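Novice: For reference, the chains in residue letters:
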Amino acid sequence: MKTRLPRKRKVHLRIRVNGETHEVAFAPHKTLLEVLREDMGLTGTKHGCELGECGTCTVLIDGEPQLSCLVLGLECEGMDIITVEGLADGPQPHPLQQSFAELGAAQCGYCTPGILLASKALLDEDPNPPRDRIREALSGNLCRCTGYIKIYEAVELAARRLKDPKAEPSREILRGYEV
Amino acid sequence: MRPFDYVEPRSVDEAVALLSRGGERTRLLAGGTDLIPRLRRRQWRIDRLIGLRRIDGLRDLTLEDGVLAIGAGVTLEELAASTTVSDVCPLLAEAARLMASPQVRALATIGGNLCHASPAADLAPPLLCLNATLRAIGPSGGRDIPIGEFFTGPGRSALRDGELLVQVRVPAVEGRGVYLKFSPRRAMDLAVVGVACFRSHGVATVAVGAAAPTPLRVPASPDEAAARCSPIDDLRASAEYRREMVRVLTRRALEIVP
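Those protein sequence lines, which keep their order, are chains A and B.
The first sequence begins at 1 in the numbering used here and counts up by one.
The second sequence begins at 1 in the numbering used here and counts up by one.
None of these hints come from the bench; they were simulated from the model.
Just so we're clear, the structure is a prediction, and the values are computed from it rather than from any experiment.
It cannot be assumed that every hint is accurate.
[Stated by the list, open to error] Sample of chain B residues lacking proximity to chain A, with all beta carbon distances greater than 12 angstroms (derived): (1) Ile46; (2) Thr83; (3) Glu224.
[What the hints assert, rightly or not] These stretches of chain A come out as covered by chain B in the derived footprint (C-beta under 8 angstroms, 3 or more residues): (4) 25-33; (5) 157-168.
Positions of the beta carbon are idealized from the N, C-alpha and C atoms, including for glycine.
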């Protein structure tokens, strides 16, 4: 028996993104990245290398950072997905977003969504990570602009702010070190 | 990517049936970290992918009768984080932690790493040292393949058509091990050369990756290990350099686990 494969077929999927259940129809070969951007209009998650190298398409799947360019949309049935659009609490940016903006931890910004989510997963697991742990958590996210130092500082500030909303960046971080 | 169909079996038997009926253009999808980029680059033509994520038994990780039984779908992150693996086979956990990035480790599986049969597969040298056995299930039943017979060439394994790797079985043996991965970057990089060494009751076993067409057990002596390899020249290193690094890393590994 030869079965003809239904190539043009679309599949229906129930998927939970940023706390809301959506029903989406898309072709079965689409990656989660393509489903989020093209079928759900959530373009905060970026297309980068699409080969699993750069990390900018990072989303949280059931709380764990994963690369949406390597996962098929269909694999995510019933899973809980968080994208960068789901970080803010209404009009209030997430402490990570706030500290990235304040400290200039984004330049072109293309890597930022992935780095924010990888950082969120880290802070959810370890609210007070040492610098080495941050480096390891972000080792799969390439940033070609910043040199990473400002990113690490922003993650550290966000970690402090999650405990104390009034925490301020040190003078050295804002003005540089005196020589 | 070219369009393809996707099915998600709920059991190993169902997956094997789908696989053996499927023919050449049907492939298994585990973590997808190797497969999806290949499809994206149009290296492979696929009609159908069989997703293995929902087969529960494939993600089990248990210690039974002195054997660490690792489901083929266990991810690198699970290997790296599992206290059972760290207690029983710290060598394997160490190798997993040196691979890729957190996001890739969350997807990539031990089964995928082995079945992809890359000469540079980081889990292979430790598992060769630890004498792992690979359990495969096919249309005519199951069989155990010693890991030393599993790799048959770059990208080729001893798995037959329609066979699915379901479990990696590692005997819990007392001893000390180390995996030395040499690569320019500490994350997101393949090994230029990887050397694993495990010493148990005074006897050392050494295995290398990225230094021959397959991961390989070599004699536990720096010179003989280097002589046994047959590395290639590529963008990461020359054959000569790789051979020298096998010598250096074997010596270091033997010093670290005296």
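Novice: Confirm or reject each hint.
Specialist: Now for the hints, and whether the structure bears them out:
| no. | hint | result |
| --- | --- | --- |
| 1 | Ile46 | violated (9 angstroms) |
| 2 | Thr83 | holds (16 angstroms) |
| 3 | Glu224 | holds (35 angstroms) |
| 4 | 25-33 | holds (count 4) |
| 5 | 157-168 | violated (count 0) |
Violated hints, in rising order: 1, 5; the structure is consistent with all others.
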